[in-house]
Each structure stands twice: as C-alpha cells, then as structure tokens.
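Keeping their order, the protein sequence lines are chains A and B. Counted the way the numbering used here counts, the first sequence spans residues 374 to 489. Counted the way the numbering used here counts, the second sequence spans residues 172 to 284.
Quick caveat, the hints were computed from the structure, so don't treat them as lab data. Idealized CB from N, CA, C, for every residue including glycine. A few of these clues could be false.
Quick list of in silico lysine to aspartate or glutamate cross-link-like pairs, EDC-like style, CA-CA up to 16 Å [to be verified]:
1) B:K213 x A:E482
2) A:K388 x A:D430
3) A:K451 x A:E387
4) A:K384 x A:D459
5) A:K451 x A:D430
6) B:K276 x A:E417
7) A:K390 x A:D459
8) A:K388 x A:D459
9) B:K173 x A:E417
Far from chain B by the CB rule (all over 12 Å, computed), these chain A residues [to be verified]:
10) K384
11) P434
12) R437
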Amino acid sequence: GAGVSQTPSNKVTEKGKYVELRCDPISGHTALYWYRQSLGQGPEFLIYFQGTGAADDSGLPNDRFFAVRPEGSVSTLKIQRTERGDSAMYLCASSLYNPDATGELFFGEGSRLTVL
Amino acid sequence: QKEVEQDPGPLSVPEGAIVSLNCTYSNSAFQYFMWYRQYSRKGPELLMYTYSSGNKEDGRFTAQVDKSSKYISLFIRDSQPSDSATYLCAMSARGRGNNRLAFGKGNQVVVIP
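With the hints as constraints, model all of the structure from the sequences given.
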C-alpha cells in the first residue's frame, strides 16, 4: 500500500477481554515500531522490530502486552486481560532500515482502543 | 524527570503571526531532533529533521537546536489556518538501526483566520 495501514481504526472492548491490533507497514520497510499515545500526551515507544525479530521490547508496559511479526511484514499487537488504563491510540510506524538509525518513520493513522 | 519536556499548553494565534514552540531534553545521547505535526485523529507526520546543533529552514518553518543548552525550537512564520494542529518534538540517539523516538507531550496550535 501507499502508507502504513492500521486496523481496526476504532476498537471498543470490555475490561478483561483480549484485543489484537494490526499493522501493515509500507512495502519494503524492514523496521517497524509500535507506540502508544494517551490523550494529551506524546507517543510512547512500545516495541521495535527489525525483520521478524523484536530488537527492542523495553517499552512494553507489562506481560499483558505482546507483539509479533512472523513474516517480517504485517505486525500484530496483542493485549490480554485489557484494563481501562490501556485505553489509548496505538500507533504503528515503519521505516527503511538504516544502521545509523536516521531513517524517517512513517506513521499510520492509529487504532483507537477504548476499554469500558 | 521525563527525557523530553514540552510545555503542553494550547496556543492560539491570529493568521500571519509567528508561532514559537520549544522543547528541552535531558539525555545527552540525543543527536537527531525532529518536529512532527499531528492533525486531529491522524498519525504524526514528519515536518522538520535536524542533526546536532544548528538551524534548518524549510519554507515558513525554521528548526533550531542548541545541544549545549539541550533546547530545541520550531518557528512558523506567516502562520495559516491550515497550520492548526498539534506539534510534537521528538529526538533519538543513534545506534544499531533502532530509531526509537522520545516525544514531547505536544502543543496544540490554533491559527485563527
């Protein structure tokens, strides 16, 4: 696709439920990032993939959060036993790999998660 | 203390005014400095990108970085209603392909026609 695609754009769920958020990066971009943006805040880093592997998952808040990228393209962020505090915009970004880490990040429009 | 501080107060200016935004940071390892623009309910888009200290100009936008003071600024000249958005500063340290960004909270800017 032309840009980073995220689905669903909106997700409303109940406390305790399991949620999956999907990111389809720009074709050819091997680097993929997940960020979380709460209302009135800047995006906060969650996890970085280089290819299929999670090269940096230090931003994941706890073990209820997990992300995969099995074929090095589409990624899924998985949240177990959702809590009201998980309500936020989840942003995905992708970039070409650059060893100096200077590549521009291209963000999707986000998945807005609301936990009731 | 957060790595990046950006006073999140909203800013309303009349059309044609100069908008001045700034951020401070604490991590000396940051070498790449960016400003992102985010329209309501959209993802951030890169506006300006600067490496190390200095100024960079792109049309009506000027980004300044002062590493000695750990202070970065964005100026928007001749502001237009279409500039109304949230502006986020972001920065990163280099290394091993990981362009992990640290963001400020953002400033919501409203340009009044």
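Hints and how they fare:
1. A threshold of 16 Å between alpha carbons decides the hint, and for B:K213 with A:E482 the separation of about 5 Å falls inside it, so the pair holds.
2. Taking the CA atoms of A:K388 and A:D430, the gap is about 24 Å. The hint is violated against a cut of 16 Å.
3. Of the pairs offered as hints, the one joining A:K451 and A:E387 holds, with about 15 Å between alpha carbons and a cut-off of 16 Å not exceeded.
4. Among the hinted pairs, A:K384 with A:D459 is consistent with the structure: their alpha-carbon atoms are about 12 Å apart, no more than 16 Å.
5. Straight-line distance between C-alpha atoms of A:K451 and A:D430 comes to about 13 Å, which keeps the hinted pair within the 16 Å bound.
6. Of the supplied pair hints, the one linking B:K276 and A:E417 holds, its CA atoms being roughly 10 Å apart against a limit of 16 Å.
7. Among the hinted pairs, A:K390 with A:D459 is consistent with the structure: their alpha-carbon atoms are about 11 Å apart, no more than 16 Å.
8. About 9 Å separates the Cα atoms of A:K388 and A:D459, which keeps this hinted pair within 16 Å; it holds.
9. Note on B:K173 and A:E417: the hinted pairing holds, with a Cα-Cα distance of about 11 Å set against a maximum of 16 Å.
10. With a least beta-carbon separation of about 14 Å from chain B, A:K384 lies farther than 12 Å from that chain, consistent with its non-interface assignment.
11. Once the 12 Å rule is applied to beta carbons, A:P434 is consistent with being away from chain B; the minimum gap is 15 Å.
12. With a least beta-carbon separation of about 21 Å from chain B, A:R437 lies farther than 12 Å from that chain, consistent with its non-interface assignment.
In this structure, only the earlier hint numbered 2 is contradicted, and the remaining ones agree with it.
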